[in-house]
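Student: As a plain string of letters, each chain reads:
2 protein chains.
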Amino acid sequence: MALVNEHFLKLRGNYLFSDIAKKVNTFRITHPRQPLIRLGIGDVTRPLPPACIEAMHKAVDEMADAATFHGYGPEQGYDFLIEAILKNDYAPRGIHLSPAEIFVSDGAKSDTGNIGELLRWDNSMAITDPVYPVYVDSNIMCGRSGVLEENGQWSNVTYLPCTAENDFVPALPDHRVDLIYLCYPNNPTGTTLTREQLKRWVDYALENDTLLVFDAAYEAFIHEDDVPHSIYEIRGAKRVAIEIRSYSKTAGFTGLRCGYTVVPKELTAATLEGQRIALNPLWNRRQCTKFNGTSYVTQRAAEATYTPDGKEQVKANIEYYMANASVMRRELTAAGLRVYGGVNSPYLWVGTPEGTGSWKFFEQMLYNTGVVSTPGVGFGPSGEGYVRLTAFGTHEDCQEAMERLRRWLK
Amino acid sequence: MALVNEHFLKLRGNYLFSDIAKKVNTFRITHPRQPLIRLGIGDVTRPLPPACIEAMHKAVDEMADAATFHGYGPEQGYDFLIEAILKNDYAPRGIHLSPAEIFVSDGAKSDTGNIGELLRWDNSMAITDPVYPVYVDSNIMCGRSGVLEENGQWSNVTYLPCTAENDFVPALPDHRVDLIYLCYPNNPTGTTLTREQLKRWVDYALENDTLLVFDAAYEAFIHEDDVPHSIYEIRGAKRVAIEIRSYSKTAGFTGLRCGYTVVPKELTAATLEGQRIALNPLWNRRQCTKFNGTSYVTQRAAEATYTPDGKEQVKANIEYYMANASVMRRELTAAGLRVYGGVNSPYLWVGTPEGTGSWKFFEQMLYNTGVVSTPGVGFGPSGEGYVRLTAFGTHEDCQEAMERLRRWLK
Chain V
49 MALVNEHFLK
59 LRGNYLFSDI
69 AKKVNTFRIT
79 HPRQPLIRLG
89 IGDVTRPLPP
99 ACIEAMHKAV
109 DEMADAATFH
119 GYGPEQGYDF
129 LIEAILKNDY
139 APRGIHLSPA
149 EIFVSDGAKS
159 DTGNIGELLR
169 WDNSMAITDP
179 VYPVYVDSNI
189 MCGRSGVLEE
199 NGQWSNVTYL
209 PCTAENDFVP
219 ALPDHRVDLI
229 YLCYPNNPTG
239 TTLTREQLKR
249 WVDYALENDT
259 LLVFDAAYEA
269 FIHEDDVPHS
279 IYEIRGAKRV
289 AIEIRSYSKT
299 AGFTGLRCGY
309 TVVPKELTAA
319 TLEGQRIALN
329 PLWNRRQCTK
339 FNGTSYVTQR
349 AAEATYTPDG
359 KEQVKANIEY
369 YMANASVMRR
379 ELTAAGLRVY
389 GGVNSPYLWV
399 GTPEGTGSWK
409 FFEQMLYNTG
419 VVSTPGVGFG
429 PSGEGYVRLT
439 AFGTHEDCQE
449 AMERLRRWLK
Chain U
49 MALVNEHFLK
59 LRGNYLFSDI
69 AKKVNTFRIT
79 HPRQPLIRLG
89 IGDVTRPLPP
99 ACIEAMHKAV
109 DEMADAATFH
119 GYGPEQGYDF
129 LIEAILKNDY
139 APRGIHLSPA
149 EIFVSDGAKS
159 DTGNIGELLR
169 WDNSMAITDP
179 VYPVYVDSNI
189 MCGRSGVLEE
199 NGQWSNVTYL
209 PCTAENDFVP
219 ALPDHRVDLI
229 YLCYPNNPTG
239 TTLTREQLKR
249 WVDYALENDT
259 LLVFDAAYEA
269 FIHEDDVPHS
279 IYEIRGAKRV
289 AIEIRSYSKT
299 AGFTGLRCGY
309 TVVPKELTAA
319 TLEGQRIALN
329 PLWNRRQCTK
339 FNGTSYVTQR
349 AAEATYTPDG
359 KEQVKANIEY
369 YMANASVMRR
379 ELTAAGLRVY
389 GGVNSPYLWV
399 GTPEGTGSWK
409 FFEQMLYNTG
419 VVSTPGVGFG
429 PSGEGYVRLT
439 AFGTHEDCQE
449 AMERLRRWLK
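Going down the list, the protein sequences come from chains V and U. With this note's numbering as the guide, the letters of the first sequence map in order to residues 49 to 458. With this note's numbering as the guide, the letters of the second sequence map in order to residues 49 to 458.
One or more hints might be untrue.
No copy labels: a pair is met if it fits in one copy or bridges any two.
Unchecked claim - Restricting the straight-line Cα-Cα distance to at most 30 Å, the calculated cross-link-like pairs of lysine-lysine (DSS-like) are:
no.	residue 1	residue 2
1	K106	K359
2	K135	K70
3	K71	K359
4	K313	K58
5	K70	K313
6	K247	K71
7	K313	K71
8	K106	K135
9	K313	K135
10	K363	K135
11	K106	K363
These aren't lab readings, by the way, just hints derived from the structure by calculation.
Could you put the whole structure together from the sequences, leaning on the hints where they help?
Tutor: Below, the structure written as structure tokens:
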């Protein structure tokens with residue numbers, strides 16, 4: 049008989065955001081008159097930059113004419129986009145990558161979920177805690193995370209707590225691990241690492257022969273000087289790190305689907321016998337076999353984010369959200385809450401009042417104000433005692449939510 | 049140290065179509081004046097149907113306005129598209145599926161490559177031979193195919209030869225296997241199974257507790273009455289089969305990326321202890337964790353293929369290609385070649401002249417006529433002695449290619 053991959057059965061039945069959606073629906077049914085303000089899920093609300101809209105209309109028209117029609121594109125992405133990436137995202141920071149090191153995809157979530165295929169199923173791994181659920185869930189699915197222990201942690205996963213106590217700067221693992229996921233600016237805490245702090249991770253990886261998966265999906269929100277935009281700003285990182293980028297939050301592509309992954313040619317992993325194997329051709333083979341490229345129309349939209357107009361428009365959208373973040377930081381702090389993030393990130397990580405659990409505070413906030421947050425513990429054990437709020441709403445909703453919270457908490 | 053997934057190292061370095069591209073490039077450099085006609089790779093050349101173009105422009109405009117902007121969509125696809133699929137692709141054939149059984153994706157290649165994640169790595173498998181390389185390669189990557197033996201076959205794969213000798217109707221395996229990939233209308237041979245023939249496979253699967261992955265990417269090309277469009281036309285198939293569909297060849301979406309996969313609720317696989325596990329929620333969990341939905345703009349284009357205008361336009365494109373197929377069948381037969389397929393399929397499977405190998409005939413054709421084919425042996429051992437030609441070119445190219453072949457072969 050066909051045997052099921054039993055690792056899947058270890059997964060919790062629901063994805064965090066489905067649990068939240070259910071609770072919100074219950075609230076809506078019981079409180080039909082209370083208007084909801086959703087600051088929970090990290091989805092954008094601003095429309096696409098006009099430069100992207102224009103590029104897409106043009107690309108759609110090309111698809112209407114046999115002479116300019118585009119069929120299968122390169123699995124790795126079109127040269128026009130890869131060149132724009134190299135020229136705009138890397139060269140200005142002194143990072144020199146070749147086109148063959150960039151893999152355009154249908155989004156960071158796909159790449160984050162699939163990248164583990166390149167590694168043996170039994171590599172040990174570490175994550176910062178709290179963390180984006182995909183890093184853990186995708187490893188549960190292939191057995192890499194081990195078994196769920198009584199303390200709610202997975203046996204083959206090292207958890208690196210990030211809390212107010214360590215200023216959200218995780219300590220290096222006290223033993224060696226094979227694979228570490230890092231996300232900076234961080235989802236969910238909204239905090240960052242300085243160049244010096246990130247260097248410690250690269251040095252650890254170089255010393256311990258560890259592979260870093262660096263998720264830089266929120267790079268565009270960095271405003272402070274000492275925060276690296278790419279892990280490749282750190283010397284030696286090309287030998288140990290894969291970097292994942294996204295247009296979702298940068299330019300509002302959550303509904304269009306486009307991101308990219310950098311797999312440097314110097315990056316290797318080992319066979320059991322110790323032979324070094326370059327990961328770049330392996331990821332290329334993976335993508336050529338199980339993926340067929342990103343929509344031509346979408347890639348033209350991504351390219352347009354790098355035009356002078358596109359850059360201005362992207363910047364304006366980011367500033368719009370960061371203005372929200374600024375208001376939220378001020379108001380939540382004034383309301384007596386402990387607030388982190390929101391400076392180089394669209395996420396605010398908010399400590400719950402003393403002794404109140406994440407889910408409890410989530411429900412209190414929902415029922416008292418109609419504002420939807422995300423319970424921090426949903427991102428991992430160290431998220432207990434926090435909720436995440438996002439700055440992706442409209443100015444009006446954001447203002448209104450802050451007023452409701454202030455009235456409630458005073 | 050991070051250990052590599054050594055199964056990847058068993059893969060041949062190159063994907064078939066990269067090998068071909070290299071040989072074609074060599075020819076172009078040495079024969080710069082000979083104009084090429086590409087009938088090798090299965091990419092479409094007709095522009096998108098006007099109904100799709102119109103739907104995409106409209107969807108792009110929606111993305112330009114905050115009031116109609118679409119961010120994250122459902123990982124499973126939008127209801128508007130799923131309802132159109134149920135209403136048009138299934139209900140008219142008496143097949144009743146629920147919306148939760150349809151998973152819209154960025155294309156059949158992704159789903160075909162990823163579906164194996166739901167199963168234990170050591171399930172035994174069978175493929176028809178010749179076959180679409182993704183079925184085998186994606187299983188090599190996770191170790192399921194076993195090791196490559198001296199005869200060029202994988203140890204855990206049962207090969208079911210399809211040749212002129214058995215009229216391209218594969219025999220059922222003479223032992224039980226856990227997983228079988230079937231593709232009808234077939235890529236590469238262009239042949240089909242009748243309802244009665246497909247029923248034998250469903251019955252085998254029901255008797256042997258075998259999972260069938262049924263790739264129906266070329267369904268739109270079916271013209272004969274007795275050829276099933278969906279495996280679910282066969283009684284009992286929902287208990288044993290996953291069906292994969294694509295808009296790529298149907299409506300020219302190779303550059304847009306959209307397809308869908310049906311995972312019926314009745315479909316189960318077993319744990320080692322014999323417990324039955326429904327695969328539908330597992331695939332849902334996989335898609336929610338490692339995929340973030342298909343572009344809203346693309347899904348609106350897919351929806352438009354089901355409008356009255358869209359249906360007419362899709363039909364016209366299919367007829368365009370099938371007119372090519374008809375000319376090719378006639379001319380190649382007149383030139384003394386043995387020709388299969390091309391009736392319910394855009395592919396023609398052409399026997400090489402007695403004693404000439406696939407690669408040899410591919411090169412002879414290329415150097416004598418400038419026509420690019422695909423060597424049949426690239427699709428598996430039983431493809432030796434054949435080449436594949438596609439009907440996806442323009443009428444003009446197709447006519448010209450046939451004239452060149454006739455002159456060369458006379």
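Student: None of the hints should be skipped; say for each whether it holds.
Tutor: Going down the list of hints, with the structure as the test:
1. Taking identical chains as interchangeable, the C-alpha atoms of K106 and K359 lie at most 30 Å apart whether they share a chain (19 Å) or sit on different chains (24 Å).
2. Taking the shortest alpha-carbon separations for K135 and K70, only the inter-copy value of 29 Å comes in at or below 30 Å, while the best intra-copy value is 44 Å.
3. Within a single copy, K71 and K359 get their C-alpha atoms no closer than 39 Å, and across copies no closer than 41 Å, so neither meets the 30 Å cut-off.
4. Proximity of K313 and K58 under a CA criterion of 30 Å is satisfied inter-copy only: 20 Å between copies versus 35 Å inside one chain copy.
5. Within a single copy, K70 and K313 get their C-alpha atoms only as close as 45 Å, which misses the 30 Å cut-off; across copies the closest is 22 Å, which meets it.
6. Neither within a single protomer nor between protomers do K247 and K71 lie at most 30 Å apart by alpha-carbon distance, with minima of 41 Å and 46 Å respectively.
7. Taking CA atoms no more than 30 Å apart as the test, K313 paired with K71 passes between copies only; the shortest distance there is 26 Å, against 46 Å inside one copy.
8. Proximity of K106 to K135 under the C-alpha cut-off of 30 Å is restricted to the intra-copy arrangement: shortest distance 23 Å within a copy versus 32 Å between copies.
9. Taking CA atoms no more than 30 Å apart as the test, K313 paired with K135 passes inside one copy only; the shortest distance there is 18 Å, against 48 Å between copies.
10. In this homomeric assembly, K363 and K135 come within 30 Å of each other (Cα to Cα) only inside a single copy, at 18 Å, whereas the closest approach across copies is 43 Å.
11. Both within a single protomer and between protomers do K106 and K363 lie at most 30 Å apart by alpha-carbon distance, with minima of 23 Å and 26 Å respectively.
Of the hints listed earlier, those the structure fails to meet are numbers 3 and 6, in rising order.
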